Amino acid sequence: MIKNGTRLQSQVCDTQVIVVRASEGLDDLRAGGAPLIPVGETAAEGLSLDPALSDGNLMGKRYVDEGGAEILVTKAGAGTLSIGSTPLAIKEAKPLPASD
Amino acid sequence: MSISLLLEMASSTDPDRTAVVSGDLRLTTGELSALADGGAGVVAASGAQHVAYVGAGGALLPLLLFASARAGVPVTPLNYRLSHEGLRALISRLPDPLVVVDDEYRDAVGDGFRVIGSAEFLAAARTAEPATEFPDPDSVGVVLFTSGTTSAPKAVELTHNNLTSYITGTVEFASAEPGDAALICVPPYHIAGVSAALSNLYAGRKMVYLTQFDAREWVRLVESEGVTSATVVPTMLDRIVSVLDTQNTALPTLRTLAYGGSKVALPLVRKALDLLPAVGFVNAYGLTETSSTIAVLTPDDHRVALGSDDDAVAKRLGSVGQPVPSIEVQIRAEDGTVLGAGETGELFVRGEQVSGRYTGIGSVLDEQGWFPTKDVATLDEDGYLYIGGRSDDTIIRGGENIAPAEIEDVLVEHPDVRDCAVVGPEDPEWGQIIVAVVVPAAGAEPQPEELRDFVRAQLRGSRTPDRVVFRDELPTNATGKVLRRELVSELNAKEPA
Chain A
1 MIKNGTRLQS QVCDTQVIVV RASEGLDDLR AGGAPLIPVG ETAAEGLSLD PALSDGNLMG
61 KRYVDEGGAE ILVTKAGAGT LSIGSTPLAI KEAKPLPASD
Chain B
1001 MSISLLLEMA SSTDPDRTAV VSGDLRLTTG ELSALADGGA GVVAASGAQH VAYVGAGGAL
1061 LPLLLFASAR AGVPVTPLNY RLSHEGLRAL ISRLPDPLVV VDDEYRDAVG DGFRVIGSAE
1121 FLAAARTAEP ATEFPDPDSV GVVLFTSGTT SAPKAVELTH NNLTSYITGT VEFASAEPGD
1181 AALICVPPYH IAGVSAALSN LYAGRKMVYL TQFDAREWVR LVESEGVTSA TVVPTMLDRI
1241 VSVLDTQNTA LPTLRTLAYG GSKVALPLVR KALDLLPAVG FVNAYGLTET SSTIAVLTPD
1301 DHRVALGSDD DAVAKRLGSV GQPVPSIEVQ IRAEDGTVLG AGETGELFVR GEQVSGRYTG
1361 IGSVLDEQGW FPTKDVATLD EDGYLYIGGR SDDTIIRGGE NIAPAEIEDV LVEHPDVRDC
1421 AVVGPEDPEW GQIIVAVVVP AAGAEPQPEE LRDFVRAQLR GSRTPDRVVF RDELPTNATG
1481 KVLRRELVSE LNAKEPA
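Those sequence lines, one after another, are chains A and B.
Going by the numbering used here, the first residue of the first sequence is number 1, and it counts up by one from there.
Going by the numbering used here, the first residue of the second sequence is number 1001, and it counts up by one from there.
Worth flagging that the hints you see were computed from the coordinates, not collected in a lab.
There's no promise every hint is true.
[Unchecked claim] In silico negatives: residues of chain A with every beta carbon more than 10 Å from chain B:
no., residue
1, Gly5
2, Gln9
3, Cys13
4, Glu24
5, Ile37
6, Glu66
7, Gly84
8, Ala93
9, Pro95
10, Ser99
[Stated by the list, open to error] Here are some chain B residues pointing at chain A (derived, C-beta under 8 Å):
no., residue
11, Thr1013
12, Thr1168
13, Ser1175
14, Ala1196
15, Gln1247
Here the structure is a predicted model, which means the values were calculated and not measured.
Glycine is no exception: its CB is placed at the ideal position from the N, C-alpha and C atoms.
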C-alpha cells in the first residue's frame, strides 16, 4: 500500500499531490484518467487527458474518498482526481479563525 | 509531509507576495524560498547534525525552520533570556549543533560550540550552493525545550508530520484575503512562534515581526502595516489594553486577536472586548507537545458568551472553546476512567499533530495514542473545554485536592485585585496550605480578611485561602506563565506573618 507522505505526479497534466492519509484505494489513484506516478519518474508514452475527467483540481485543497483516503494538491492541474473512475471529493473544512 | 513543502506550495503559487517583514528586511515567498535553499547549503556544508538558534527571531525564524528542513536536520530555537550557564547546558544536549546566534548573545553562547552569527548566516545563505533534501516526514523537524516552570526543561521532538498535520488540519491553503497581515510577537523558542511562521505562510498572510515586544510599537505596527490578525500572550494583552485605554485607537484593520500561552484573567478579556468592539477575539489553547493549538474559543463564542443571560453560556468566556477538528479529547479520572460532561479530571488528547515524545525519555503516549497533558480540565455538555491549571500545581491540603485556578478565578474578579496566584507552600499541620499571592489594583489597599471572605462567599470553606500576601507583581516568564515554584520557595523560606 502507498505510504503517507508519498508525493505523486500526473502523467497527463501538471497535477502533483501528497498522500495525507493512505488507504488501499489509493493504489488506483488517477488524474485525468491516468494513474499517478512518483514525483520525478517519467510519464509513460501515449497517454492523454480523458475529456470525461478534465474538470481539474484546486491548489492546496484536500481531496477525500469514502474509504478514508486523503490527499493534498501541491500543484494544481487540468485532470480530475479519481480512484478508478470515481472522482474524489473536496474535503470541506469549517474555517477556523487565525490562532497563531 | 515535510514542512519544506509548505514553503514550496506558497512560493510556487505566489512567488512575488510579501511573506516576511522584519525590521528593514522584506522578503517575498520566492526570496524566502531561495534563501532557505541557500541556508540549507550553509547548514549542509557545516556538517552539523542539528541547528540551534539563539536570538530574538524575526525573519531568521522562518528562514532557519525551512533551511534546516531542506538540509534534513532538526532545528531548536532557544530561549535567549536564559543565563549563560542555562543556555549552554541546553545547547550541550543537542547533537553536534551549528549554533546561529544574534550578536547580543554571542558571549552567552561562548566558544564551546560551532557558531555562526545571524547576519553572517543570512549573508552566506544569499550566495551558498543550495541544498534541497526531502526529509523523511516521520523524522524530527523541530525540537523545543519546555519552559521548565515546574520541572527541568524537557526536549520535545516534533516531527515534520506532527507540524504539517497541524497546519493542513487547521488552515486552508491560501485562504487569506490579499493584503492580510499577521503581527507576530511571540518568542521564536515558543511553539506559537514556530506555528505562526508555518500557518501564516500557508494561509497567505504577510508576517510582520516584532521581536522585542513593546505595546506602543505593537499598536504602531498594526496601523502602519495594516495588520489583520495577531497573537499575544496574557502579559502582552494587558499592556496593549493599557495603551489602548489612553490612546483612543480602534485598530480598524485588525479583524482577529488571538490570546493564549497561559490563562488570561476574565476581567482583562472583558476589558479588551470592550475597548475593541469590532475585533474578533480568539482564545487558543495548546501545548508544545501538541504542535500548538488544540482548542479554540472563536470570535462568535466570545460574543455569544458575553451577551448571554444563560449562566452556562456566559461561563464559556472562561473556556478554551472546542477542540479543533483533527483532535480528540478525553477527561480521565486518576484511575484512568473516562469521565463525562461536567466532571473534572486530567485532559488526554490524541491526533496526528500530537508528538508526546521527548529526547532521552521517548514517547509518553499510551497504547491507544493518547497524550496526558497534565492539565486539569472539564468538558461541558456542548463540548466546551475548561482548563483548571497544571495538575502539578494542585494543592493537597489535609488530603483534599484543590485546583489553584478555581480560587484565582474568584479572586481576580474582586475590584481591588489586579492579579493573583494561589500556591501551596508546605505546612506541618495540613501538608500544604492555601496562600493567595495578590497584586492589588492601582491605589487599592485590600485587607486579607476581606479577600478571604470574598472567596468564602463563593466557594466551599475548604477553598478559602489560609493566608493572603501582597506583592507588587507576579514573577512570570516571557510568555506570561506565573513562576509558581519561585513563589512557593519564597513562602517556604519565610515564617508565616
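Tested hints:
1. Gly5: Answer for Gly5(A): violated, closest chain B Cβ roughly 4 Å.
2. Gln9: At roughly 13 Å from the nearest Cβ of chain B, Gln9(A) sits farther out than 10 Å, so the non-interface label holds.
3. Cys13: holds, 15 Å
4. Glu24: holds, 20 Å
5. Ile37: Holds: least Cβ distance 16 Å, greater than 10 Å.
6. Glu66: Nearest chain B Cβ is 18 Å from Glu66(A), so the label holds.
7. Gly84: The assertion about Gly84(A) holds, with a minimum of 25 Å to chain B.
8. Ala93: violated, 6 Å
9. Pro95: The claim is violated: Pro95(A) sits with its nearest Cβ about 7 Å from chain B, within 10 Å.
10. Ser99: violated, 4 Å
11. Thr1013: holds, 6 Å
12. Thr1168: Holds, because the Cβ-Cβ distance from Thr1168(B) to chain A comes to roughly 6 Å (cut-off 8 Å).
13. Ser1175: Holds - the Cβ of Ser1175(B) comes within 8 Å of chain A, reaching about 7 Å at its closest.
14. Ala1196: Given a least distance of 5 Å, the restraint on Ala1196(B) holds.
15. Gln1247: violated, 24 Å
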